[in-house]
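Starting from the known structure of chain A, arrange chain B on it as the hints suggest.
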Amino acid sequence: MTTDAYAAPRTYVIVWLTLLALLLLTVGSAYVQLGWINTVLNLTITVTQAALVMLFSMHLRSAHPLLRVIAAIGFFGIMLLIVLTLFDVMTR
Amino acid sequence: MASALAAVAPQFDDAEQQRSASNLGIWIFLATEVLFFGVLFAAYAITRVRFPEAFAAGSRLTNITLAGINTAVLLTSSLTMALGVHAAKQGARRALVGWLCLTVVLGVGFLAIKAVEYRLDYLEHLVPSVNFAYPGPQTEQVELFFYLYFFVTAVHGVHVLIGICCIAVIAAMASRHAFSASYFTPVDVTGLYWHLVDIIWLFVFPLLYLVSRS
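Protein chains in written order, with this note's numbering: chain A, 1 to 92; chain B, 1001 to 1214.
Think of the hints as simulated: they come from the structure by calculation, not from any bench.
Taking CB as the label site, the calculated pair distances span:
| id | chain 1 | residue 1 | chain 2 | residue 2 | range |
| --- | --- | --- | --- | --- | --- |
| 1 | A | Asp88 | B | His1177 | 50 to 58 Å |
| 2 | B | Ser1129 | A | Gly77 | 30 to 38 Å |
| 3 | A | Phe87 | B | Gln1017 | 39 to 47 Å |
| 4 | A | Val40 | B | Thr1139 | 27 to 35 Å |
Even glycine gets a Cβ: it sits at the ideal position worked out from N, Cα and C.
Isolated chain A (complex conformation):
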């Protein structure tokens, strides 16, 4: 967990530009009629954006493994909650 591993300002700017580009991509793709692929595309882009923020801005890339595990548990918990709830709702 040493602070020396934090990214340089240039990296933050590149990440920011990438995030903005992905925002344009997700909004643009929403106007193309692709059916259910639209939602998959939007969510894939969102997950990519979230991963960029967590890895660089939130320093997970260089963080102690314990912190990465905790971050993963949070998102794994959500997945479990949504998937298992949907199994119930959709098979009634």
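Chain B alone, transformed into the frame defined by chain A:
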């Protein structure tokens, strides 16, 4: 160095251990925040699977221009926060205060745009239980979408507001020489919270605004 050592609370061996403990604490808190919003996303998933047409219709009525601008504003505020943490690590006090103030301005800007959006929603009779009016089929299901829309965005807005207050306090502390290159944990921890609020919005945006635009 003496001041850095003096800042270590009695239960810790050294500054590094104290820093690690703070980081662990904020990450556990952030994980609970993720689960808190997770319940809302689960409610969203169930409702959307049951009423896909109503969610498509409701989503088309939301204001994508203002929401898109707001997403960019929040992403930019995340950048200024990251640069603030970097300035703190360098011990650059003035730069730190500057970046934090800019982050506060962008956060307030986000809430202001959100307020304008709520006002437009109200004028378009989209507020459930207040003035909701939707002519088409599945009126009640579309209203359900807007219940979720207002609940999720309002809860997120409260998080933004809390974040703004925290950053303002940190900025005031920074201007009074509270941090140094060897001690800036509060800046770091506040930054992590702000980035998480940003991430949650990254999920809220496509789920509410981009369901069916084509």
